[in-house]
Structure formats: structure tokens, C-alpha cells
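Chain order of the listed sequences is B and R. Basically this note's numbering = 1-based index in the first sequence + 237. Basically this note's numbering = 1-based index in the second sequence + 106.
Hints in this document: simulated from the structure, not taken from any laboratory. Every residue, glycine too, gets a C-beta built ideally from N, C-alpha and C. Treat the hints loosely; a few may be bogus.
[Unchecked claim] Label-pair ranges, simulated between beta-carbon atoms: (1) B:Asp422 - R:Arg252: 30 to 38 angstroms; (2) B:Val364 - R:Gln230: 55 to 63 angstroms; (3) B:Thr439 - R:His233: 42 to 50 angstroms; (4) R:Tyr307 - B:Gly258: 55 to 63 angstroms; (5) R:His233 - B:Phe257: 33 to 41 angstroms; (6) R:Arg164 - B:Ile260: 34 to 42 angstroms; (7) B:Gly361 - R:Gly273: 37 to 45 angstroms; (8) R:Gly194 - B:Gly258: 17 to 25 angstroms; (9) B:Phe257 - R:Arg326: 40 to 48 angstroms; (10) B:Asp328 - R:Gln230: 40 to 48 angstroms; (11) R:Lys166 - B:Asp422: 56 to 64 angstroms; (12) B:Thr256 - R:Arg339: 32 to 40 angstroms; (13) R:Thr246 - B:Asp300: 22 to 30 angstroms.
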Amino acid sequence: MPTSSNNEVLMELSGVRKTFGTIEVLHGIDLQITKGSHAVIFGPSGSGKSTVLRCMNLLEEPDVGSIKFLGNEYGPGSGRKEDGKRGKSIDLRRKVGMVFQQFNLFPHLSAIDNLALPYRAVRGGSVHEAQERAAHELNKVGLLKFAANYPSQLSGGQQQRVAIARALSLDPELMLFDEPTSALDPELVGEVLAVMRELAETGMTMVVVTHEMNFAREIGDLNVFMEAGNIVATGGSDFFENCTNQRAQEFIGSVL
Amino acid sequence: MMRREEEGVAPINFMWHLVWDFKWDLLKGLLTAVNVSIAALILSMVIGMLFALARMSRFKVFSIFASVYVNIFRGIPALVSVIWVYFGWSLLFGHNFTVYQAGVIALTLLYSSFFCEIFRSALQAIHKGQREAGMALGLTRGRIFRSIMLPQATKIAIPNIGSMYIGMIKDTSTFAIIGMVEVVRVTQNLNSTYFQPFVLYTAAAGLYVVIAFLVDFIFRNAELNFSYPPQGRLAKFLSRKKKKRIEGLMKST
């Protein structure tokens, strides 16, 4: 597994807090994602894993704290002016791809148009260019022959691969995966993980929230264990063998 | 049982030929009803969509205004509405609407409130992941609405739009009171000459029923064409070219 050659930080979360109603679900998250790294976030349900991920592309706006990405700062920030210029959330989202647990393909569009419509909306150009690019990306996830199919005509695994291709067609700098295999039949999990594994090998920066511990152990070079809105333990690729945090050990022991 | 003649009542003489004799008048009345209701349908859908967006708006002023509007106008009968517009407004503004204009405005006032509710529920029925996927891809709010929400909401709303439209056509019958020469007015005129209420109003009812069947057929077809993947003939015909292009891309990639 290639590790990042340089230590350039691509995204940095500092002191991110998030409250839903009266309940604070993130109690100040600090996290650095270096370019080319594959971060895995795991932990029990309700620990705030998905919320952290959703803050990374501003689907949830942090209530406190800042997110730095490609020289811009997002979120309410630390209040210091020198932190960096404020970015627009739409600019961040165009450089951060997201894959959802429920795929969220557009049911009224064929597989190829699921890719071509956003591509054209973001990049402009002709329908033909957009579809060419879409066909190229579908081919990479092995679904070119299903290009004309609608999401309802695809299996869960195929839909998730289309969703991955859709995110990749916009050339993201960072890919976020929110439990990408949790809604799949067990026999379909493998094909999605295979696509993600291939993507990891190309050096794409990835942040993955998952319960697939074997996959996490395989690709994770930054492992983050969360519980009750806090990052409890972090570690490198040897985390699963050499983790010293007792709570994290217990969790790993119970799911592996 | 006594025969009608013995009671001193005139024998029943159904003059069914009247329907055939005045077919063009009846059909012209029907055409007027369809004309007014289609104009009102288009306007109500546009205004109803704006009200639906206002009702779901973050800004309280818009949402309160929209919900007050809906609750007032969906409670007013068409007969009251059209008299109010035709006679009331002319007193208030000193402007006389034509019968046609008054009919369209009266229907639009009422039905835009129904369409507001239909579109609101359709938009809210779309899974929130759809919106989030659009946002995550960096699409603008306008683009998400146009390309993702609207097509899906339309599909959900189609059956309801169909039944609303049947209601609109039926409500045009009340416009006889302001003198619009639609189906009921034509029937009333013929009846005052020939006194054949059973024959004439059966014909009128028949015309409304035929239109209702036709509308049902059209909207069922629309639903098919809006299903995923499109099932209707029209959609299949329109997507032929698209399919060829995708096949071409599949070969070249």
C-alpha cells in the first residue's frame, strides 16, 4: 500500500463542535488528513463518525471550529483573521467527493446521466463531452454495459459503484465514504470494497467511515476511533495490533 | 298502477334527437369548458409551485402568507369565487373582466391553493438524500431544484394533478351563472326551449364523463412516461436517439 510521499495536509479540522437541538454530538474534533492518506473512522453507533464526515463537505456546518481545505477556511472559524481566506462551501464540495450509505443515485436518470448531469452542471461543455467522461468513469468501475440502465435496474453493489464513479468524475481531491457497504447484501460488499481498494492504490486521499474492520486494517494508514462525540484514539497502520487504548481494543475485539 | 295520462300528466316523450340536433352547440360548450380549465390549470400549477416554495421557505413571512392563502382559498366554492371575481372586483377596481377572464381567475385562485399542497407534499416526499447528493456534488440550489427535485416531484404529483383537473372541469359548470356559454349554460338554454331536462342533462353529464375518462387516460400515460425507466411510448420514442448515442459511447470507450 503506497503511503503519502509528502506530508502536505489536505484538510484540517480544528475544534469542530456540532449541536443538534440541545445535544452536542461533536465535542471538539481535531483531525488532519494528509494528501494521499487513507483515513478510517470507526466506533460504536451514535459516536459521531458520520457527522464528522458530513462536516468535511459541509453537509453539516460546524457550530464551532474551523475546517481548512486547499488554503481556504470554512465554518465559524477560530476568530483569528490570519487563518486564511473564507471559502464558499460550493467550491469545497466540488473538490470533495462523497459516497453515501444509501447510494443516493438520482432515480430519474440512467446510470450514465447520473454522472453526466452533475459533470455538465459543474464543468459546462456539451452533453457529448459529459457523457464521454461518464462512460470513461463507468468503465473504470466495470459498469459500462449498464450505462443506459436506471438505478432501479441495478443491484445495490452496482448502484454504489455508479455512485463512486459519479463522485470520481468530478476529479475530487478528497473522497469521503459514509458506511458505503452497510446497506448492501453481504455478497455484494466485496465488489464495492474492490473498487475502493483500487482507488486507494491510485493514491486518492480517502476518509472512510466503516464497520468493515478487515478492510480498515488493510487500507487504513490513519485509524481514528470515536466514541460519544470525541476522538478517543488514533494510530497508523499498526493501530489494530498495537493499540494501547483499552476502549478501542474492546471495540476492535468485539467486531473483528 | 295508473298510467300517466290517467293522472292528467303529459306522456313522457324523450326527444333524444335533440342531443344530435344540437351536438355542435354542446361540443362548443365543452370546448369552452376545456379551454377555460386548461388556462386555469397552467396558471394554477405555476402559482401553486411558487406558493409551495414559499410555504417551505426558511423565511417565516413567506410561509405564513402561503399557508393563510391556502387555507382561505381552498375553502371557497367555485360558484362563490366566480361571482366574487366577476361582479365583486369590477365594483372594487372599476375594471370589468370578460366572462372568460373571470372564469380563469376564479379557478386559478381556488386551485393554486390545492396545487400548493400537492407540490409541497410531492417535494417533501423526496428522500433527503437526493438533495444531499446534489449538494455533495457541488450543484447550485437552483440546479438541484430544476434537475433533481422538480422531475421527481412531478412524477409523484401527476396522479393528483389529474384528479384536480377533473375537478376543475366540473367546476366550470358553475360559470353558467355569469353567462359563460359552457356545457351547463348550453343545456339550460336548450331546456328552456324544449323542456327536456332528462335528455339534455343526461347529455351534459355524458360529456363531463367522457372528458373525465380522457383526462384519466392522458394522465395515466403521463405517469408511465415519467416512471423510471420510462415505460410510455412517447418517452421510448424520445429516448431512441439517446439510447443510440449511449450504445455508441459503449463501443468507443
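To see whether the hints hold, each was checked on the structure:
1. Judged by the Cβ atoms, the range 30 to 38 angstroms given for Asp422 (chain B) and Arg252 (chain R) holds: they are separated by roughly 34 angstroms.
2. Distance hint check: the CB atoms of Val364 (chain B) and Gln230 (chain R) are about 31 angstroms apart, inconsistent with the given range 55 to 63 angstroms.
3. Judged by the Cβ atoms, the range 42 to 50 angstroms given for Thr439 (chain B) and His233 (chain R) is violated: they are separated by roughly 31 angstroms.
4. At roughly 60 angstroms, the beta carbons of Tyr307 (chain R) and Gly258 (chain B) sit within the given window of 55 to 63 angstroms.
5. Checked against the given bound of 33 to 41 angstroms, the beta carbons of His233 (chain R) and Phe257 (chain B), roughly 19 angstroms apart, lie outside it.
6. For Arg164 (chain R) and Ile260 (chain B), the hinted distance range of 34 to 42 angstroms is not satisfied, since their beta carbons lie about 22 angstroms from each other.
7. A hinted range of 37 to 45 angstroms for the beta carbons of Gly361 (chain B) and Gly273 (chain R) is consistent with their spacing of about 44 angstroms.
8. Checked against the given bound of 17 to 25 angstroms, the beta carbons of Gly194 (chain R) and Gly258 (chain B), roughly 48 angstroms apart, lie outside it.
9. At about 43 angstroms, the beta-carbon gap between Phe257 (chain B) and Arg326 (chain R) stays in the expected band of 40 to 48 angstroms.
10. A hinted range of 40 to 48 angstroms is violated for the C-beta pair Asp328 (chain B) and Gln230 (chain R), which are about 29 angstroms apart.
11. A hinted range of 56 to 64 angstroms is violated for the C-beta pair Lys166 (chain R) and Asp422 (chain B), which are about 45 angstroms apart.
12. The given range of 32 to 40 angstroms is broken by Thr256 (chain B) and Arg339 (chain R), whose C-beta atoms sit roughly 53 angstroms from each other.
13. For Thr246 (chain R) paired with Asp300 (chain B), a C-beta distance near 25 angstroms keeps the hint of 22 to 30 angstroms intact.
Hints 2, 3, 5, 6, 8, 10, 11, 12, counting from the list given before, are not met by this structure.
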